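Given the structure of chain A, go ahead and fit chain B onto it with the hints provided.
There are 2 protein chains.
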Amino acid sequence: MLHFDIEHTDPTGARAGRITVRGRAFDTPAFLAVATQASVKALTQQELADLGTQVVLANAYHLYLRPGVELIRRAGGIGPFMQWPRATLTDSGGYQIFSLAPLIEITEEGVCFRSHIDGSEHLLTPESAIEIQHALGADIIMAFDQPVGHPSQREQTAEATARSDRWAVRCLEAHQGAASKQALFGIVQGGFDRELRTESAGRITELSFDGYAVGGLSVGEPKELTFELLAHTAPLLPAQRPRYLMGVGKPSDIVRAVLSGVDMFDCVLPTRLGRNGTAYTKAGKINLKNARYQDDLGPLDPDCDCQVCATHSRAYLRHLYKSGEILAARSLSYHNVHLYLRLMEHIREAIRADRYRGFATAWLERTNGNS
Amino acid sequence: MLHFDIEHTDPTGARAGRITVRGRAFDTPAFLAVATQASVKALTQQELADLGTQVVLANAYHLYLRPGVELIRRAGGIGPFMQWPRATLTDSGGYQIFSLAPLIEITEEGVCFRSHIDGSEHLLTPESAIEIQHALGADIIMAFDQPVGHPSQREQTAEATARSDRWAVRCLEAHQGAASKQALFGIVQGGFDRELRTESAGRITELSFDGYAVGGLSVGEPKELTFELLAHTAPLLPAQRPRYLMGVGKPSDIVRAVLSGVDMFDCVLPTRLGRNGTAYTKAGKINLKNARYQDDLGPLDPDCDCQVCATHSRAYLRHLYKSGEILAARSLSYHNVHLYLRLMEHIREAIRADRYRGFATAWLERTNGNS
Numbered sequence: 001m002l003h004f005d006i007e008h009t010d011p012t013g014a015r016a017g018r019i020t021v022r023g024r025a026f027d028t029p030a031f032l033a034v035a036t037q038a039s040v041k042a043l044t045q046q047e048l049a050d051l052g053t054q055v056v057l058a059n060a061y062h063l064y065l066r067p068g069v070e071l072i073r074r075a076g077g078i079g080p081f082m083q084w085p086r087a088t089l090t091d092s093g094g095y096q097i098f099s100l101a102p103l104i105e106i107t108e109e110g111v112c113f114r115s116h117i118d119g120s121e122h123l124l125t126p127e128s129a130i131e132i133q134h135a136l137g138a139d140i141i142m143a144f145d146q147p148v149g150h151p152s153q154r155e156q157t158a159e160a161t162a163r164s165d166r167w168a169v170r171c172l173e174a175h176q177g178a179a180s181k182q183a184l185f186g187i188v189q190g191g192f193d194r195e196l197r198t199e200s201a202g203r204i205t206e207l208s209f210d211g212y213a214v215g216g217l218s219v220g221e222p223k224e225l226t227f228e229l230l231a232h233t234a235p236l237l238p239a240q241r242p243r244y245l246m247g248v249g250k251p252s253d254i255v256r257a258v259l260s261g262v263d264m265f266d267c268v269l270p271t272r273l274g275r276n277g278t279a280y281t282k283a284g285k286i287n288l289k290n291a292r293y294q295d296d297l298g299p300l301d302p303d304c305d306c307q308v309c310a311t312h313s314r315a316y317l318r319h320l321y322k323s324g325e326i327l328a329a330r331s332l333s334y335h336n337v338h339l340y341l342r343l344m345e346h347i348r349e350a351i352r353a354d355r356y357r358g359f360a361t362a363w364l365e366r367t368n369g370n371s
Numbered sequence: 001m002l003h004f005d006i007e008h009t010d011p012t013g014a015r016a017g018r019i020t021v022r023g024r025a026f027d028t029p030a031f032l033a034v035a036t037q038a039s040v041k042a043l044t045q046q047e048l049a050d051l052g053t054q055v056v057l058a059n060a061y062h063l064y065l066r067p068g069v070e071l072i073r074r075a076g077g078i079g080p081f082m083q084w085p086r087a088t089l090t091d092s093g094g095y096q097i098f099s100l101a102p103l104i105e106i107t108e109e110g111v112c113f114r115s116h117i118d119g120s121e122h123l124l125t126p127e128s129a130i131e132i133q134h135a136l137g138a139d140i141i142m143a144f145d146q147p148v149g150h151p152s153q154r155e156q157t158a159e160a161t162a163r164s165d166r167w168a169v170r171c172l173e174a175h176q177g178a179a180s181k182q183a184l185f186g187i188v189q190g191g192f193d194r195e196l197r198t199e200s201a202g203r204i205t206e207l208s209f210d211g212y213a214v215g216g217l218s219v220g221e222p223k224e225l226t227f228e229l230l231a232h233t234a235p236l237l238p239a240q241r242p243r244y245l246m247g248v249g250k251p252s253d254i255v256r257a258v259l260s261g262v263d264m265f266d267c268v269l270p271t272r273l274g275r276n277g278t279a280y281t282k283a284g285k286i287n288l289k290n291a292r293y294q295d296d297l298g299p300l301d302p303d304c305d306c307q308v309c310a311t312h313s314r315a316y317l318r319h320l321y322k323s324g325e326i327l328a329a330r331s332l333s334y335h336n337v338h339l340y341l342r343l344m345e346h347i348r349e350a351i352r353a354d355r356y357r358g359f360a361t362a363w364l365e366r367t368n369g370n371s
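So the sequence lines, in the order shown, correspond to chains A and B. Numbering (this note's numbering) for the first sequence: 1 to 371. Numbering (this note's numbering) for the second sequence: 1 to 371.
Okay, chain A solo, but in the shape it has when bound (with noise of 0.2 Å):
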């Protein structure tokens, strides 16, 4: 189903490759734009493409709620419904219920929750998780689980874990003998307890999923943590298979989860705070709500070479912003993805030249993690 072809290991551990699924590849490691309502929000399909886009992220239970799962799949699939012609992946939308909707009850089933949209009664199960990923019709689908946040108690978090896991039994059985040929990626829980990580690790690998990802981390934890608890998950993942970090995060992040030889990323932030008047750049953030920009006609980022940066200056761009102008979320936004994807191409360069801890450490010193 998924071909991971890892062409290059650096000797951090840090891998360089190429995934492809039904025809669509993607560089990795790599960065998904999130289009959770089947849109990365503020930017055009062209516009991602023409950044380097290669694999978006849609999120099964906002379609599933809007506008259903018949539309999208007589669309042809959530490529076709949004015209984006690469590579699709769907979450699952087991963390969007707990973040998200109003919750009735956890069985053994699944999960029973309200809209909230509408507030209407909904039951999501590990098969019909599946089922409505399968309509939605994304190259990568995964595995429906529960997460937990943060701080969590230890036995709650082991019997979410292994419900969990108990799900992911049945999701890999619902997509077995599925004619679609998507990939389906099993997801890690554990919360924040060593323990429970090398359980669920175990379990979930005993499964084969075509890759596997790392869920519930960066939920509110301490930034120590969320890297302590990776880098003690990664090497129990299968070395060939894609290694996926749900939810994370900021450039300096990613900067470091590579090093725990994580594949895939993805990450609201970059439109996020594009659309909350911020802009990444390799010297850390720029605020533009900072008086200090009011009269700067510099441009944004001196050192990007994205259209926004070689058009607008920081006054002009803080105008827009302080004045609710959309076109100030589209130019941050824009410069954001932009900044993200060349870090991916960036990062790449430098595992295939055996030079990664260099560069993450420039990275990270030069930013001080604010970026």
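No lab work stands behind these hints: they were computed from the structure. Honestly, I wouldn't trust all of these hints.
Note that identical chains are pooled: a pair holds if it fits in a single copy or bridges any two copies.
Within a straight-line C-alpha distance of at most 20 Å, the following computed SDA-like cross-link-like pairs (lysine to any residue) qualify [claimed, not checked]: (1) Lys-282 to Leu-269; (2) Lys-285 to Ser-99; (3) Lys-322 to Arg-275; (4) Lys-181 to Gly-202.
Every value quoted in this text rests on a predicted model; they were computed, and no experiment measured them.
Chain B only, in chain A's frame:
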């Protein structure tokens, strides 16, 4: 300052030509894209240029309050500030003060008002309105006037109109000798009274403005009254100078007004309705809020060759609108501005071919005034 080449006049009196100011030219009848705060809402300047926009309108009232004229002067004027290399026009802000700002006092000297942004107190006079527009540096600037709303008392209308006409003299005096070579347009007021319109037109056209605007129409009065007053006023303006009908209108309004020999239009509708989920077409409006488009996988407007209609379905665009995605506002604004600009091209072609009567009749019948 301004060269107006009327290249052809159709039997209806509709004229096609070209206005050149400071080396920047635009074809007439022209639609000015509205960039109130130095951005045409939801669109980039590159998109506007690609769509064929030749001239944009910004607002002195808004830009004076935010970001302030000094910044824009330092940037080289409104064109360089927003990186728009083609023609520009600023409205003086008279209309905006009276529609947006809490009023403190109107005297012969000028208007004292509070900022709608922060409540700060400001005095604008004909002289300062011209000085602000000199700093903003648009190719065409507008006299500072006091419009009247609908309905209005004859006595108040007479008073406001006479004062506006006296202010017009002071605007012209403040502009004479300016080194900028900006063109200055006078504005005929007179409310909804033919006699007052005649008086105002007489006084304004005695002054040597570069062009003449009809102000104070399309502010809530019945549509037939708008066109009756326009048909009354337009012939009172000098035939060899541009005629500008401010703030008008729907496509069908523009089609009708061209019959009165109007050369310039501006309107927020294409972008405002775009943000509000509505697309103009040659056959009327499409309101994507309507549930009938829920499952409609056909193009937004099958009769349109814009990028949006070539790419996205009604169902997808409706989904984006319902989901609050910025891409909905972007897509519909883009399509609507495209429609307006193609309409203006077709208007100019029809005039040059002496078939404007037929063109206008067909448009008005087909759209039933709905677009």
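Now for the hints, and whether the structure bears them out:
no.: 1; hint: Lys-282 to Leu-269; result: within (15 Å within a copy, 40 Å between copies)
no.: 2; hint: Lys-285 to Ser-99; result: neither (27 Å within a copy, 39 Å between copies)
no.: 3; hint: Lys-322 to Arg-275; result: both (11 Å within a copy, 19 Å between copies)
no.: 4; hint: Lys-181 to Gly-202; result: neither (25 Å within a copy, 77 Å between copies)
Violation of the numbered hints given earlier is confined to hints 2, 4; the remaining hints are satisfied by the structure.
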